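Build out the structure end to end from the sequences listed, making use of the hints.
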Amino acid sequence: MGQESINWDKLGFDYIKTDKRYLSYFRQGEWDNGVLTEDNVLHISEGSTALHYGQQCFEGLKAYRCKDGSINLFRPDQNAARMQRSCARLLMPAPSTEAFIEACKQVVKANERFIPPYGTGGALYLRPFVIGVGDNIGVRTAPEFIFSVFCIPVGPYFKGGMKPHNFVISSYDRAAPQGTGAAKVGGNYAASLLPGSEAKKNGFADSIYLDPLTHSKIEEVGSANFFGITANNEFVTPKSPSVLPGITRLSLIELAQSRLGLKVVEGDVLIDKISDFTEAGACGTAAVITPIGGIEYQGKLHVFHSETEVGPVTQRLYKELTGVQTGDVEAPAGWIVKV
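First residue of the sequence shown? That's 346 in the working numbering, and the numbers climb one at a time after it.
Please note: incorrect hints may appear among the correct ones.
What the hints assert, rightly or not - Within a straight-line C-alpha distance of at most 35 Å, the following computed DSBU-like cross-link-like pairs (lysine-lysine) qualify:
1. K355 to K412
2. K683 to K365
3. K508 to K454
Treat the hints as calculated values from the structure; they're not laboratory data. This one's a predicted model, so the numbers in the text were calculated from it and none came from an experiment.
Written out as structure tokens, the structure is:
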């Protein structure tokens with residue numbers, strides 16, 4: 346697809362083949378130097394552990410076009426660190442932080458024509474991943490691995506963008522206690538496909554998952570993190586070993602505290618206490634911030650600020666975060682890598 350055929354204002358979150366992607370192999374105990382390739386098809390052994398045993402993990406981050414024409418890569422060091430944690434959990438070698446960032450920069454430069462223009466609300470979404478490959482059949486770590494990064498231009502994750510959406514509490518578990526909930530691995534997302542589909546069929550944006558041990562605490566919103574705002578100016582977000590530590594969530598915690606003067610509370614978010622929140626939202630790289638209009642639980646819909654209007658604190662957080670990402674607002678030290 347050529348740049349001239351892209352309607353920047355109509356971009357969603359769909360796969361678009363771009364020009365180049367980065368590909369590196371781990372063989373005989375080390376990563377090779379990696380290359381950029383036009384081939385968007387992976388050629389792997391039928392015995393690859395990624396196919397049979399779920400030995401794989403991935404990341405998601407964005408590059409933004411700034412008003413002056415420069416390009417911002419948002420907090421790639423945090424994505425590299427999280428990938429390293431995910432790889433360690435699944436007995437996979439991880440690229441170093443330097444190699445991870447360099448690969449991302451190469452992909453952005455090679456696909457610069459696909460970066461949505463400043464002011465469109467779009468970004469270039471990068472998808473780094475590590476998979477176990479090579480001839481194998483037993484349940485063991487793979488003999489070889491692939492580290493790759495590809496990119497696509499994206500717009501808002503949810504149709505309609507920055508407006509409230511309703512969610513429903515799921516009876517399914519996203520991850521197991523002491524399982525892989527805190528790692529960004531494909532199995533967690535495979536487990537969410539059925540409940541997510543059922544939620545959408547019933548008119549909701551997605552499911553909300555409770556903690557797998559007691560089913561009494563909010564953990565994640567679909568594939569995003571949850572936050573709530575109280576009348577006492579508190580920014581509340583779940584803290585649990587089965588919650589994925591999101592980069593957007595981490596950034597909002599820091600901005601809420603340092604820029605908005607909110608008190609940050611990380612801990613249990615009891616489903617029976619959601620009336621304590623005047624606003625609520627989902628946050629993640631893909632969605633950025635999606636305001637939560639209401640949550641349906643046990644047949645009743647609890648509405649926060651509004652089902653149609655974005656709450657004032659959520660709006661300020663969104664403006665601050667997106668301003669930092671696009672270079673319109675001064676970023677905290679180390680958050681932006683120029684490409």
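Here is what the structure says about each hint:
1. K355 to K412: 20 Å, holds
2. K683 to K365: 19 Å, holds
3. K508 to K454: 32 Å, holds
When the structure is compared with the earlier hints, no violation turns up for any of them.
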